[in-house]
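**Q** Chain by chain, the residues run as shown.
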Amino acid sequence: MERNNILREILSDPNLMQKYNITESELKELTTSAPYNKKIVEVLSIIINENDNHLNSSMIYKKIKKAHNIG
Amino acid sequence: MASIINSISFKNFFNYYGDYDTTKYDFEEGVNIVVADNGAGKSKFFNAFLWLFYDTVLNSDDKKTYPVKDFAVKIISDKAKNETSIGESIETGIKIEYSTGRYKFQIIKSFVATRIAEKLSDFDSWQITLNDVEVDKTDHVLPKYKPIYDVEEKYRVINQLILPTLRQYSFFQGEEVDKMIDFTKKSSIEDAVKTLTNISKYEDIAKIVQDISSKAYNDLNKQTKSTSDHNDRLEKAIELKKSLEDQLSQEIEKLNIQKELYETAEQEKNDLEQNFANAEKRKELDDKISQKSKVLRGVKEDYDNFLEGINSRFFDGGFSWISLGFEQSVIDFKNKIKDFRQKRYEKRALLNATENPNDYFTILPSDSPDAVTLQQMIESEHCHVCNRPAKKGSDAHNYFLKLKNRPNEANTKKDFVKNDLEDFFGNLQINASPFLNKFEAIPQSVMRTREKELELKKRLDKLNSELKALKTRRKDILIAGTESEVVDNTSNIINQYKGSIRRIEQASSRIERLQGNISELKTKISNTDKEITNLRPKDIPEGFTINYEMSQDLVEATNKAQARVFDEMVSLLENHANNHFKGLIKYNDIKGGVLNFEKTPSGGISLDYIDELGNEVSGASEGFQRMKKFAVVMAIISANTSQYNYPLLADAPLSAFGKAFNKGFFEAIPDVFPQSIILVKDLYDKDLDGKLTDLGQALLKSDTIKTLYLNEVDEELPQIERTTKIERRK
Numbered sequence: 001m002e003r004n005n006i007l008r009e010i011l012s013d014p015n016l017m018q019k020y021n022i023t024e025s026e027l028k029e030l031t032t033s034a035p036y037n038k039k040i041v042e043v044l045s046i047i048i049n050e051n052d053n054h055l056n057s058s059m060i061y062k063k064i065k066k067a068h069n070i071g
Numbered sequence: 001m002a003s004i005i006n007s008i009s010f011k012n013f014f015n016y017y018g019d020y021d022t023t024k025y026d027f028e029e030g031v032n033i034v035v036a037d038n039g040a041g042k043s044k045f046f047n048a049f050l051w052l053f054y055d056t057v058l059n060s061d062d063k064k065t066y067p068v069k070d071f072a073v074k075i076i077s078d079k080a081k082n083e084t085s086i087g088e089s090i091e092t093g094i095k096i097e098y099s100t101g102r103y104k105f106q107i108i109k110s111f112v113a114t115r116i117a118e119k120l121s122d123f124d125s126w127q128i129t130l131n132d133v134e135v136d137k138t139d140h141v142l143p144k145y146k147p148i149y150d151v152e153e154k155y156r157v158i159n160q161l162i163l164p165t166l167r168q169y170s171f172f173q174g175e176e177v178d179k180m181i182d183f184t185k186k187s188s189i190e191d192a193v194k195t196l197t198n199i200s201k202y203e204d205i206a207k208i209v210q211d212i213s214s215k216a217y218n219d220l221n222k223q224t225k226s227t228s229d230h231n232d233r234l235e236k237a238i239e240l241k242k243s244l245e246d247q248l249s250q251e252i253e254k255l256n257i258q259k260e261l262y263e264t265a266e267q268e269k270n271d272l273e274q275n276f277a278n279a280e281k282r283k284e285l286d287d288k289i290s291q292k293s294k295v296l297r298g299v300k301e302d303y304d305n306f307l308e309g310i311n312s313r314f315f316d317g318g319f320s321w322i323s324l325g326f327e328q329s330v331i332d333f334k335n336k337i338k339d340f341r342q343k344r345y346e347k348r349a350l351l352n353a354t355e356n357p358n359d360y361f362t363i364l365p366s367d368s369p370d371a372v373t374l375q376q377m378i379e380s381e382h383c384h385v386c387n388r389p390a391k392k393g394s395d396a397h398n399y400f401l402k403l404k405n406r407p408n409e410a411n412t413k414k415d416f417v418k419n420d421l422e423d424f425f426g427n428l429q430i431n432a433s434p435f436l437n438k439f440e441a442i443p444q445s446v447m448r449t450r451e452k453e454l455e456l457k458k459r460l461d462k463l464n465s466e467l468k469a470l471k472t473r474r475k476d477i478l479i480a481g482t483e484s485e486v487v488d489n490t491s492n493i494i495n496q497y498k499g500s501i502r503r504i505e506q507a508s509s510r511i512e513r514l515q516g517n518i519s520e521l522k523t524k525i526s527n528t529d530k531e532i533t534n535l536r537p538k539d540i541p542e543g544f545t546i547n548y549e550m551s552q553d554l555v556e557a558t559n560k561a562q563a564r565v566f567d568e569m570v571s572l573l574e575n576h577a578n579n580h581f582k583g584l585i586k587y588n589d590i591k592g593g594v595l596n597f598e599k600t601p602s603g604g605i606s607l608d609y610i611d612e613l614g615n616e617v618s619g620a621s622e623g624f625q626r627m628k629k630f631a632v633v634m635a636i637i638s639a640n641t642s643q644y645n646y647p648l649l650a651d652a653p654l655s656a657f658g659k660a661f662n663k664g665f666f667e668a669i670p671d672v673f674p675q676s677i678i679l680v681k682d683l684y685d686k687d688l689d690g691k692l693t694d695l696g697q698a699l700l701k702s703d704t705i706k707t708l709y710l711n712e713v714d715e716e717l718p719q720i721e722r723t724t725k726i727e728r729r730k
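In the order they appear, the protein sequences are chains S and U. For what it's worth, the UniProt record's numbering labels the leading residue of the first sequence as 1, then goes sequentially. For what it's worth, the UniProt record's numbering labels the leading residue of the second sequence as 1, then goes sequentially.
Any given hint could be a false lead.
Just so you have them, the derived chain S footprint on chain U, three or more residues with Cβ under 8 Å [stated by the list, open to error]:
| # | region |
| --- | --- |
| 1 | 198 to 206 |
| 2 | 301 to 315 |
| 3 | 384 to 397 |
| 4 | 550 to 561 |
To be clear, the hints were calculated from the coordinates, so they are not data collected in a lab. Only a predicted model underlies this, so the values are computations on that prediction, with no experimental measurement involved. All C-beta atoms, glycine included, are put in the ideal place defined by N, C-alpha and C.
The task is simple: from the sequences and hints, build the whole structure.
**A** Structural data, given as structure tokens:
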């Protein structure tokens, strides 16, 4: 619950919503669990989840790179 | 699920004499109250939890905590100690049962004491062995306790009752409420907010995305270099961005320094404000004290003179107090002096006449010869009475002559007694005469004097008590440094205070300027970044570009979210705190102010106590101050999005603050704490039949109060006989 709220809170920035085409109704339903409809949701979810798993930023970055297929 | 304490029981623990089953409190979800007078087990009850959480107990004599092992002899009930012979052992312990949704736990902490010497309370008379903490677990479906053996698991169970980080908000004694939130320290509220909310999560995420963004930028640049030919413009743009970023980080560093300076200066100002205000108040009081002392000295002098003057009023003819009660004595004196004179005269006459009759009588005594015969006897030198010769010059012949000449010698009278007291009594009469006409006026004069004395005494007492009150007020005003340093400190304080304000202003304007610079640099960086994006070769794998762009967007969005959540939290805290505050003080006649939370330029939270017009309220009573702090603590807990899952355990949280605060408190706490166990003496009145005050009786009927216990100790009994009697009233 808390993770989802953090995800929604960060993504609720209007510029971001517009740029990544996130609608209000979509925002309300967002969760940090896979599957993800949008890359930005996936990236932020990785950060939120793995921070809770006490991974450091380098380890988290590796996972993000994989998500972008550049790792 | 919330942790709910089901019961606590004691075994020979202080005055809780007896086994676990005889000294047991059962509790329920909601508000539970234990009412006890001083010395009837409140602090001992609280000590049980200190033992549970920290293996210590608080010694009420010196207000210090001691490890249970070192203090064990004092922990054992005196009655139990007294009943233990040398060589025998006795067990002392606490047992707590609590449940969390599905499971129920039982924790026992105990020790065994063996008596080895006679002296009961001597630490050397007992050998102490601490037992291992016993933790048992059961579920509600099949309630049968099974022991937990793993030490870590045991401590996890104990900590789960109230998490160590939250104990300061959930487990405290009265005056500790004051320390929970230190309004003079801005970081205190922030710490509390951080402990109880998820704001720190946003901080963590902001750091991570920032780090990821720079990693993504480096990766992208690496790709750029490996996939493109030499491009001057791009290289320059990247260098420019790097230089701008360096400037930015320098400016951010400067900003942080300024924020720190601001914080320090503000903290100093707050500390000094208190001292400065105190110094002023103290000066004002000193002036009053000096003036009052002068008046007092004058009145005291008057009083002393007056008392000294009272003595002279006894002998002063104007007052004649000495003669009070001697009214009858005057008549007595007159009568007695009359008698005295009469009797004296008589005695004198009789005595002289007997001794020298010739001095007093002009006629001849009986059987004396007549004058003619006497003349013949002189001439013939012969006594015809006794017929004997009486030659001239003989005694007999001389006697004839004496008899014959007696009338002529009568004027040579002799004194009756040498000291005839005539002068003494005469003087008494003369000296007493001024007093004689004062009798009637004396009672009135005494009365007036007494009135005057009382008036002076009253004035003196009044001045003394006023002076004492002023001195107490003065003593209560704490100020840095010792008493003698105060005067010297005052000017220092004023200078430091002014200095801190100057530094706040300086830091504030620098923060503003730096924020402007930072914003400008960020714009420049953003523009340069756009330029770099345009200049980048098109053959870089898309993932690198998206990775960087997305991480950049997330940095901005996370920072904004963090600020938004913080602002929302502050406003939420403000609403919650004011609601709780209203609830806590609603039965108080004095109108309370409003709690106002604000963000400081350094990014902290400041809390002001203002009236409806926005003016700061000062001089609120201690009760209000504590309620204010408690309201903020309650707000920090209730404003948290997740439910607070721990009980409130408070010993005398509102001691001596009055009925209104107590009433508000008991009504407000269930909104925040799933369970509360409150130890109070304010509801106790030994002179009433039910031993409970009006409020105690009302709470007994209230639905919010789930259990109410009354502790009593027979104070008449000697210490070795005393036990705490627990009576469940609800």
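**Q** Which of the listed hints are broken here?
**A** Checked against the structure, the hints that fail are numbers 2 and 3, while the rest are satisfied.
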